[in-house]
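Given the sequences, and given the hints that come with them, work out the whole structure.
Going line by line, the protein sequences match chains A and B.
Per my numbering, residue 10 is the first one in the first sequence, and the count goes up by one each step.
Per my numbering, residue 5 is the first one in the second sequence, and the count goes up by one each step.
Since the hints were made in silico from the structure, they are not lab data.
As the structure is a computational prediction, the values presented were derived from the model and not from experiment.
Virtual Cβ for every residue (Gly too), placed ideally from N, Cα, C.
Be a bit skeptical, because a hint or two may be false.
Here are a few chain B residues that face chain A, going by a calculated C-beta distance under 10 Å [to be verified]: (1) T30; (2) L64; (3) I93; (4) T97.
Anything over 12 Å on all C-beta distances counts as not near chain A; from chain B, calculated [to be verified]: (5) L9; (6) G16; (7) F58.
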Amino acid sequence: MATVELSFSARPAHVRTARQVAVTLARRINLPEPVLDAVRLAVGEACGLVVALQQESRPDDPVVVTFDDSRGLAIDVRGAVALEAAVGSRAIDLLAAAAEPVVDELPVGASLAVVSELVPRLTVATSPAGVTVSMRWPAEASAHA
Amino acid sequence: MDLTLSTRSEDGRTVVEVAGEIDVYTAPKLREQLTELVDSGRYNLVVDMTGVEFLDSTGLGVLVGGLKRVRMHDGSLRLVCTQERILKIFRITGLTKVFPIHDSVAEAVAADDA
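Structure below.
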């Protein structure tokens with residue numbers, strides 16, 4: 010079994026399920042504990058981002074997560090709403106965000122800023138059809154962690 | 005595991021004990037609790053995260069929001085956290101510079117906010 014696909018409606022309650030599937034698969038290919046933590050958090054952030062993007066406008070459109078463990082671990086998170094161009098993956102300065110008076114929420118790009126620190130190979134593709142966050146952990150990640 | 009919250013007073017501080025997972029689904033519950041405490045005049049908070057198994061950026065946002073609320077009243081929000089996997093997200097986001105993080109509730113309660 011190389012590929013697992015999970016599809017869920019864009020609701021925050023389901024993000025945990027995606028995290029659990031990711032960790033189960035990462036454990037299955039023997040990624041070490043610190044990498045498991047990174048996989049768990051990165052998948053949670055990516056799914057949380059996609060859910061946040063479409064929760065208001067298209068909550069019933071599926072968020073699709075594809076897991077492929079044939080060569081390392083490859084996880085794609087796809088959603089139906091495009092990411093605004095303004096949300097760059099490293100553009101968000103969290104300290105500046107924390108210093109602003111707006112209370113309660115970090116900017117939507119905060120999750121991508123976190124993901125970019127956790128994933129060895131990250132690509133974020135966005136088009137009018139939606140966004141895809143692609144995360145890759147090479148098999149040798151196990152040797153380095 | 006869902007999120008569980010309990011609060012108690014200790015030497016003039018309010019200790020909020022958090023256990024479970026703080027994520028995009030459960031973070032609003034924590035936000036509600038922190039907001040309620042500040043609204044009822046408790047401005048010196050210690051959030052004990054010893055029992056937290058997962059924390060994402062939504063949860064960080066709620067903690068940042070709580071910090072801003074108490075600061076409006078010259079209060080404080082201190083964190084208790086010893087787990088590497090949770091500390092890591094504070095570190096990669098730079099928020100270790102924003103929150104005082106302690107090893108124990110006793111240490112956080114005894115800390116001088118002056």
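Cross-check of the supplied hints:
no.: 1; hint: T30; verdict: 8 Å, holds
no.: 2; hint: L64; verdict: 6 Å, holds
no.: 3; hint: I93; verdict: 7 Å, holds
no.: 4; hint: T97; verdict: 5 Å, holds
no.: 5; hint: L9; verdict: 17 Å, holds
no.: 6; hint: G16; verdict: 24 Å, holds
no.: 7; hint: F58; verdict: 7 Å, violated
Checked against the numbered hints above, the structure violates only hint 7.
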